[in-house]
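Chain by chain, the residues:
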Amino acid sequence: MPIVLCRVDDRLIHGQVVVGWGQALGIGRIVLVDDQVAGSDWEQELYRMAVTPEITIEFATVAQGAVALQRWQEDPRRTVVLTGDLDAMAALYRADPVAVHRINLGGIHHRPGRRERLPYLYLTDDELRRLQALEAAGAEVSAQDLPTTPPVSLRSLG
Amino acid sequence: MSEALRGVVVCHGKLAGALVEAAESISGVTGALVPVSNSGCDRDLLEQRVADAVDGHTAVVFVDLASGSCLFAALNRLRAIPGARVVTGVNLAMLMDFVFHRDLTPEAAAERAAAAGAKAIRIP
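Note that the protein sequences, when read in sequence, are chains A and B.
Mapping to my numbering: the first sequence position 119 is 119, numbers consecutive.
Mapping to my numbering: the second sequence position 23 is 1023, numbers consecutive.
Hints in this document: simulated from the structure, not taken from any laboratory.
Please note that a few of the clues may not be correct.
[What the hints assert, rightly or not] Stretch-level coverage of chain B by chain A, calculated; a stretch enters the list once three of its residues show a Cβ under 8 Å from a Cβ in chain A:
no.: 1; segment: 1067–1074
no.: 2; segment: 1107–1113
[Unchecked claim] What follows is a set of in silico ranges between Cβ atoms, one per label pair, in the way DEER data are often shown:
no.: 3; chain 1: B; residue 1: Glu-1021; chain 2: A; residue 2: Arg-94; range: 48 to 56 Å
no.: 4; chain 1: B; residue 1: Gly-1083; chain 2: A; residue 2: Ala-24; range: 38 to 46 Å
no.: 5; chain 1: B; residue 1: Asp-1052; chain 2: A; residue 2: Gln-36; range: 19 to 27 Å
no.: 6; chain 1: B; residue 1: Gly-1013; chain 2: A; residue 2: Val-152; range: 29 to 37 Å
no.: 7; chain 1: A; residue 1: Arg-115; chain 2: B; residue 2: Asp-1103; range: 43 to 51 Å
no.: 8; chain 1: B; residue 1: Ala-1080; chain 2: A; residue 2: Gln-23; range: 29 to 37 Å
no.: 9; chain 1: A; residue 1: Glu-135; chain 2: B; residue 2: Asp-1044; range: 35 to 43 Å
no.: 10; chain 1: B; residue 1: Glu-1107; chain 2: A; residue 2: Gln-44; range: 55 to 63 Å
no.: 11; chain 1: B; residue 1: Ala-1108; chain 2: A; residue 2: Arg-94; range: 23 to 31 Å
no.: 12; chain 1: A; residue 1: Glu-54; chain 2: B; residue 2: Gln-1048; range: 30 to 38 Å
no.: 13; chain 1: B; residue 1: Glu-1021; chain 2: A; residue 2: Trp-42; range: 39 to 47 Å
no.: 14; chain 1: A; residue 1: Arg-94; chain 2: B; residue 2: Phe-1100; range: 23 to 31 Å
Computed from a predicted structure; not experimentally measured.
Beta carbons are placed, not taken as given, at the ideal position from N, Cα and C, and that holds for glycine.
Input sequences plus hints: build the corresponding full structure.
Take a look at the structure:
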């Protein structure tokens, strides 16, 4: 139960995560799993500024996250696991399909080759296929930017 | 006389455009402020929008929240640019002060604007 949300959001820690989901889920911790941020003290300092005092923030590489999922799951703090891209979340799912059984697509924005599926969600056809493969493997994948909006199933994004 | 400062306003949604429009309509000063929205952007694109808006000018970048994607984009992109300063918590009073003090250094204009913005917050 302590991992209450596994979210892919290319803006990483921002208002929707801290305020929108943070308030609704009563989170006590955000774990940002991102190789670049994990290697940058400066970026970590910026993201620490983005959270309220009652939320702690931790940083991990994808490799570190893959081995820490069980520990995060056992921790009493209600935790959001956040990645900036699909590959990182897929790696975490493969490492611990129980801890990461439900994947929230919260914000993946436009890049060349991607097509709009929702206003906050752009995917290439290959990215969609990889998500469908995750779902076929047992993950529950849905898109939902905020807790006040209805989740959208992966099936309806195609 | 050196080049007048540029003001770049970086906000969530449509807020930046509305603030710039209001500041121009009140002050009559046009072209001093450039709005940037974070709508539809990932981190890289938002940083690029901020850089395009600054466009090599000496500038003060005004951001809505003191955390989050807009501030991150501004600080991350501008940390290597000595001629730019960032002010958070943008409001109309802050921009009104700025547009009439664009001949200052970025540091001095940022301090003035921040003080003007804070002074405008009252419970009358």
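Here's how the hints hold up against the structure:
no.	hint	in the structure
1	1067–1074	holds (count 5)
2	1107–1113	violated (count 0)
3	B:Glu-1021 <-> A:Arg-94: 48 to 56 Å	holds, 49 Å
4	B:Gly-1083 <-> A:Ala-24: 38 to 46 Å	holds, 42 Å
5	B:Asp-1052 <-> A:Gln-36: 19 to 27 Å	holds, 22 Å
6	B:Gly-1013 <-> A:Val-152: 29 to 37 Å	violated, 21 Å
7	A:Arg-115 <-> B:Asp-1103: 43 to 51 Å	holds, 48 Å
8	B:Ala-1080 <-> A:Gln-23: 29 to 37 Å	holds, 36 Å
9	A:Glu-135 <-> B:Asp-1044: 35 to 43 Å	violated, 28 Å
10	B:Glu-1107 <-> A:Gln-44: 55 to 63 Å	violated, 26 Å
11	B:Ala-1108 <-> A:Arg-94: 23 to 31 Å	violated, 54 Å
12	A:Glu-54 <-> B:Gln-1048: 30 to 38 Å	holds, 34 Å
13	B:Glu-1021 <-> A:Trp-42: 39 to 47 Å	violated, 34 Å
14	A:Arg-94 <-> B:Phe-1100: 23 to 31 Å	violated, 58 Å
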